[in-house]
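Enquirer: Just so you know, the protein sequences line up as chains A and B, in that order. Just so you know, we're using my numbering here: the first sequence kicks off at 311 and counts up by one. Just so you know, we're using my numbering here: the second sequence kicks off at 147 and counts up by one.
Some hints could be false.
[What the hints assert, rightly or not] The calculated lysine-lysine pairs, modelled on DSS-like cross-linking and capped at a C-alpha distance of 25 Å, are:
1) B/Lys-396 with A/Lys-596
2) A/Lys-428 with A/Lys-439
3) B/Lys-396 with B/Lys-289
4) A/Lys-596 with B/Lys-289
[Claimed, not checked] Examples of chain B residues toward chain A, derived with CB under 10 Å:
5) Leu-193
6) Gly-194
7) Gln-220
8) Leu-240
9) Gly-242
10) Ala-256
11) Tyr-277
12) Gly-280
13) Gly-310
14) Val-322
15) Gln-345
16) Thr-346
In short, the hints are calculated from the structure, not lab data. None of the values given here were measured: they were computed from a predicted structure. Glycine included, each C-beta is placed from N, C-alpha and C at the ideal position.
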Amino acid sequence: MEELMLGIGITAIAGALATVAGAAEDTESDIGSQGDPNSQVQLAPQMGYIHRIFNKAVSGEPPAYGLWCALGAGLAWALMAMQLNPILALILGSALAVFVQGVYCVTAYLGRTASLAKFEQPVYIDILKSVTTVTMAHAFIAIFTTVTMCHLMNTALGHPFPLPLLGLVWGIALGAAGSATGNPFYGKERQYQNYDFGAGTPISASGDIVRYAEAGDRSSLDNGWFTSKLGGPASGVCFGLIVFLELWRTVLFEEWGNGWGAIIAGVILVLIFTAIDRYIEVYARKTFGPYGAPEAVEEETSTEAST
Amino acid sequence: MSALGGAAGGAEGFSSPVGLIGGIILLILSFVLAFYFGAMATVWILLGVVIGGVLIGFGVHFVPVGGAPAAMGQAPGIATGVAMLAAGAGLAGLFGGAWAAELGLGLALAGGAIGGALMMAITCMMVNVIYVFGMGIPAASGKVAKDPITGDTFPEYKSQGSEGHGLPFISYVGGVIGGFFAGLGGSLIYLMLLDIYEQTLPDILGASAESIVPLAVSLAGIFAIGMFLVNAVLSAYNITGTIEGPHDPKFRRVPRAMIASAVASAVCGIIAIMIIFVGV
Chain A
311 MEELMLGIGI TAIAGALATV AGAAEDTESD IGSQGDPNSQ VQLAPQMGYI
361 HRIFNKAVSG EPPAYGLWCA LGAGLAWALM AMQLNPILAL ILGSALAVFV
411 QGVYCVTAYL GRTASLAKFE QPVYIDILKS VTTVTMAHAF IAIFTTVTMC
461 HLMNTALGHP FPLPLLGLVW GIALGAAGSA TGNPFYGKER QYQNYDFGAG
511 TPISASGDIV RYAEAGDRSS LDNGWFTSKL GGPASGVCFG LIVFLELWRT
561 VLFEEWGNGW GAIIAGVILV LIFTAIDRYI EVYARKTFGP YGAPEAVEEE
611 TSTEAST
Chain B
147 MSALGGAAGG AEGFSSPVGL IGGIILLILS FVLAFYFGAM ATVWILLGVV
197 IGGVLIGFGV HFVPVGGAPA AMGQAPGIAT GVAMLAAGAG LAGLFGGAWA
247 AELGLGLALA GGAIGGALMM AITCMMVNVI YVFGMGIPAA SGKVAKDPIT
297 GDTFPEYKSQ GSEGHGLPFI SYVGGVIGGF FAGLGGSLIY LMLLDIYEQT
347 LPDILGASAE SIVPLAVSLA GIFAIGMFLV NAVLSAYNIT GTIEGPHDPK
397 FRRVPRAMIA SAVASAVCGI IAIMIIFVGV
């Protein structure tokens with residue numbers, strides 16, 4: 311019973327750490343413009359829209375976070391093998407991994423922006439100075455929480471994978487969850503904030519991203535402020551649920567039915583999420599209704615204007 | 147006709163029989179090498195690895211991936227790359243499978259499969275949460291007019307100038323199935339390699355079975371992750387860009403990916419096996 315209680319406690323802590331990691335990962339990727347929406351940041355100058363948005367698609371988020379978390383976990387593991395205090399080892403390992411992330415940020419921004427020179431996109435040194443450190447700070451939170459979570463899985467829950475391997479596995483999963491959930495909010499809702507709410511971005515609008523703020527040019531830091539209101543927390547909930555429920559069903563139900571209890575619990579969870587998803591889909595169709603035909607909308611607008 | 151003047155590449159089949167024949171030769175050669183190094187038991191291990199790789203390649207095609215267009219609400223699917231998303235799901239499954247390895251093959255495989263399916267179920271649901279509650283956009287497919295499962299119609303829910311958006315129910319189900327097969331395949335590769343390492347490494351290194359476990363687990367884990375990525379990337383090349391799920395016409399390309407995954411897994415698998423026998 312005591313072991314079970316400890317397992318549930320560790321599961322809760324791991325879930326909380328994963329939630330923070332997911333939120334920090336998405337906010338970092340939005341401030342640094344790491345994920346798929348960066349295609350528009352890269353495209354904008356080619357369409358004549360010069361901007362001051364950071365541009366650092368080092369790679370897709372999953373392999374990038376796979377690398378950084380494996381690096382942080384590997385260094386922490388090595389430091390622990392040298393008898394260093396585990397907490398200090400986790401902090402130092404994550405901090406060293408963040409320096410690698412910072413180097414990638416700088417080279418990616420300089421390389422990507424310099425490649426746009428013929429479209430007259432300048433390299434802004436003040437952006438490099440002000441944004442890089444902010445992405446590094448968010449990346450540190452994401453890496454540290456993920457590596458700490460992996461350490462708990464390894465030492466307290468007894469997962470057979472060594473710490474660096476767990477860092478790689480959960481780093482990739484973190485990037486996958488964060489990019490899947492957070493990318494649309496940054497890509498559609500922020501970059502194309504000037505376009506109608508409640509509709510996909512017309513393909514013809516590609517590259518016409520938001521470049522101006524309430525006063526002056528829009529900064530990538532503003533993008534972090536915007537997406538941290540929904541995209542970041544939603545990514546955190548997504549990754550937190552993945553980690554928490556994966557551990558929870560195993561810790562709590564593995565003793566039932568010679569281990570099949572955890573499988574049955576997993577199947578039930580999948581069915582519950584499927585029902586929720588279907589409810590959301592139907593809710594959207596009923597609430598928002600179908601889009602009107604373009605002609606009908608135009609006629610309606612002209613009628614309203616004349617009256 | 148291609149841009150270079152040659153015949154256009156096959157959309158669903160192999161464009162060149164040379165590639166197919168070469169692949170089959172590599173596959174047979176890998177099994178012959180497995181038999182040469184470790185008799186019939188090693189052949190079964192390699193067969194398990196190959197089946198695992200094929201399951202990953204098959205599963206990846208179910209995953210609805212919209213890439214950059216989905217991030218702008220210009221196309222349906224999940225806004226990230228094919229290989230990356232599949233790897234995220236499959237590796238989450240591998241985590242579960244490895245944890246349950248001590249409980250037997252069937253339970254470990256089921257644990258891996260359900261782990262992958264659960265990861266995809268949560269991720270796909272959160273995609274729709276963001277689209278609906280954050281952006282006010284209903285789900286609409288760009289490839290079919292009606293959802294094959296629910297019967298929902300899509301053309302009137304597709305905003306002007308886009309190819310659809312969000313995750314229709316068929317894509318959600320495809321994502322869960324994809325995660326299931328990816329987790330199953332990744333776990334099978336891991337368990338097969340763990341089995342051979344645990345059997346052979348104690349003799350090779352002259353150590354006890356207990357002391358060899360961390361090394362065996364690490365080696366099997368690294369090779370399983372590596373082979374997972376090989377098969378996921380291979381399938382991503384077969385998909386070329388984005389796919390909505392099992393209802394997408396691109397899904398018909400899946401046999402080609404399964405053959406390619408079998409060959410790639412056999413070659414990677416024999417290297418993972420030979421690494422211990424060559425060291426003798």
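Enquirer: Give a verdict on every hint.
Expert: These are the hints, each one checked on the structure:
1. B/Lys-396 with A/Lys-596: Status violated; Cα separation ~31 Å.
2. A/Lys-428 with A/Lys-439: holds, 24 Å
3. B/Lys-396 with B/Lys-289: Judged against 25 Å, a Cα distance of about 10 Å means the pair holds.
4. A/Lys-596 with B/Lys-289: Holds, at about 22 Å.
5. Leu-193: violated, 24 Å
6. Gly-194: Because about 19 Å separates B/Gly-194 from the closest Cβ in chain A, which is outside the 10 Å limit, the hint is violated.
7. Gln-220: Interface hint status for B/Gln-220: holds (5 Å vs cutoff 10 Å).
8. Leu-240: For B/Leu-240, the interface hint holds, since the closest Cβ of chain A sits about 7 Å away, which is under 10 Å.
9. Gly-242: Status holds, d = 6 Å.
10. Ala-256: holds, 5 Å
11. Tyr-277: holds, 6 Å
12. Gly-280: This interface hint holds because 5 Å falls under the 10 Å limit.
13. Gly-310: holds, 8 Å
14. Val-322: holds, 6 Å
15. Gln-345: violated, 17 Å
16. Thr-346: violated, 18 Å
In this structure, the hints that do not hold are numbers 1, 5, 6, 15, 16, in rising order.
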